[in-house]
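Based on the provided sequences and hints, a complete structural model is requested.
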Amino acid sequence: MAKLNILRVFSAFLAKLFLLGTTLLLFLNILTGATTSSILKHFYWIETECSNFPGAPYDTKCRWTNYGICSVDGSASTTCTKNQAAHAFSPAKNFDNTQNLPENFIDHQNYYYYTSRIGWAFTLIGLAFLVFSWVPFFIMAISKLRAKKSMKAVFWVLYALATVFSIIGIALSTAAYSRGRNHFHDGGFPARLGTNTWAVSWTAVFLLLFNIPFLLMALAKWGLAAPYYNMFSRKANPENHPEIVDVEDPAAANATKSQANYLSFTPVKETKEVKEVSAGSAAVEHHDADDTLY
Numbered sequence: 014m015a016k017l018n019i020l021r022v023f024s025a026f027l028a029k030l031f032l033l034g035t036t037l038l039l040f041l042n043i044l045t046g047a048t049t050s051s052i053l054k055h056f057y058w059i060e061t062e063c064s065n066f067p068g069a070p071y072d073t074k075c076r077w078t079n080y081g082i083c084s085v086d087g088s089a090s091t092t093c094t095k096n097q098a099a100h101a102f103s104p105a106k107n108f109d110n111t112q113n114l115p116e117n118f119i120d121h122q123n124y125y126y127y128t129s130r131i132g133w134a135f136t137l138i139g140l141a142f143l144v145f146s147w148v149p150f151f152i153m154a155i156s157k158l159r160a161k162k163s164m165k166a167v168f169w170v171l172y173a174l175a176t177v178f179s180i181i182g183i184a185l186s187t188a189a190y191s192r193g194r195n196h197f198h199d200g201g202f203p204a205r206l207g208t209n210t211w212a213v214s215w216t217a218v219f220l221l222l223f224n225i226p227f228l229l230m231a232l233a234k235w236g237l238a239a240p241y242y243n244m245f246s247r248k249a250n251p252e253n254h255p256e257i258v259d260v261e262d263p264a265a266a267n268a269t270k271s272q273a274n275y276l277s278f279t280p281v282k283e284t285k286e287v288k289e290v291s292a293g294s295a296a297v298e299h300h301d302a303d304d305t306l307y
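Each residue of the sequence shown is one higher than the one before, counting from 14 in the working numbering.
Treat the hints with care, since some could be wrong.
Straight line, CA to CA, 30 Å or less: simulated DSSO-like cross-link-like pairs of lysine-lysine [unchecked claim]:
hint, residue 1, residue 2
1, K74, K106
2, K16, K29
3, K106, K95
4, K54, K106
5, K54, K95
6, K16, K162
7, K95, K74
8, K165, K16
9, K54, K29
10, K165, K29
11, K162, K29
12, K74, K54
13, K16, K106
14, K161, K29
Calculated from the structure, these hints are not laboratory results.
Quick caveat: nothing in here was measured; it's all calculated off a predicted structure.
The following block contains the structure:
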């Protein structure tokens, strides 16, 4: 029993750790390229040599992020185009002209445009559901409310939606950018994927799935019977507050018993002499002891 409790506590700790880690990784995915003054300057989806394309905004290496196209200095993004959330990856639309672009980018420009943008949007929705799932998760972890079953159902619905939307979003982004890299290579242009962004994205997917058994163990532990108090009722949990039994006072018990015996006493049968005395027709002898009564 002790080993089982230790396992449940350890599972609850890992569940919290993995849930927090997944949330942070999805934030990094969403914020890829949001700024060039922090660690995010090393996050991007795809990089190529833009000097090969006359319509490109930069004549050096450039990379696509979630917020624009950026020039590259070493391994960091430097100057970027105007920040715009869900910036599309579609070279035929991003550049002023299509000269030297591989034919696939021209023929399927809408595919790249919508796939990359929808992928970002789905990942954002998945992150939102994951953040919302923290509310019932912490309520179950620290509260003794009787509504734990309903909270558990709410958590699993939110977590399932977060998992589904995140997987779909990251899969769409993978399809767009990996296909784009392949067609850059087919056209004879160097291109590579951003290791940091891809690592955090698919690690987040892995943790979402890997954390399920630990969440099951943690929620099973928190679903065990626990004392509760209802602020609208004075009734307490009978398992934790047994019924109070009154202890009878011995003196009071004896007095009650004597009174009962007195009330149940059968009077002496009334004789003829007693009737005459009661009626005053018979004389009653006087004794000196009777004076002590007055």
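**Asked** Going back to the hint list, which numbers does this structure go against?
**Response** 13
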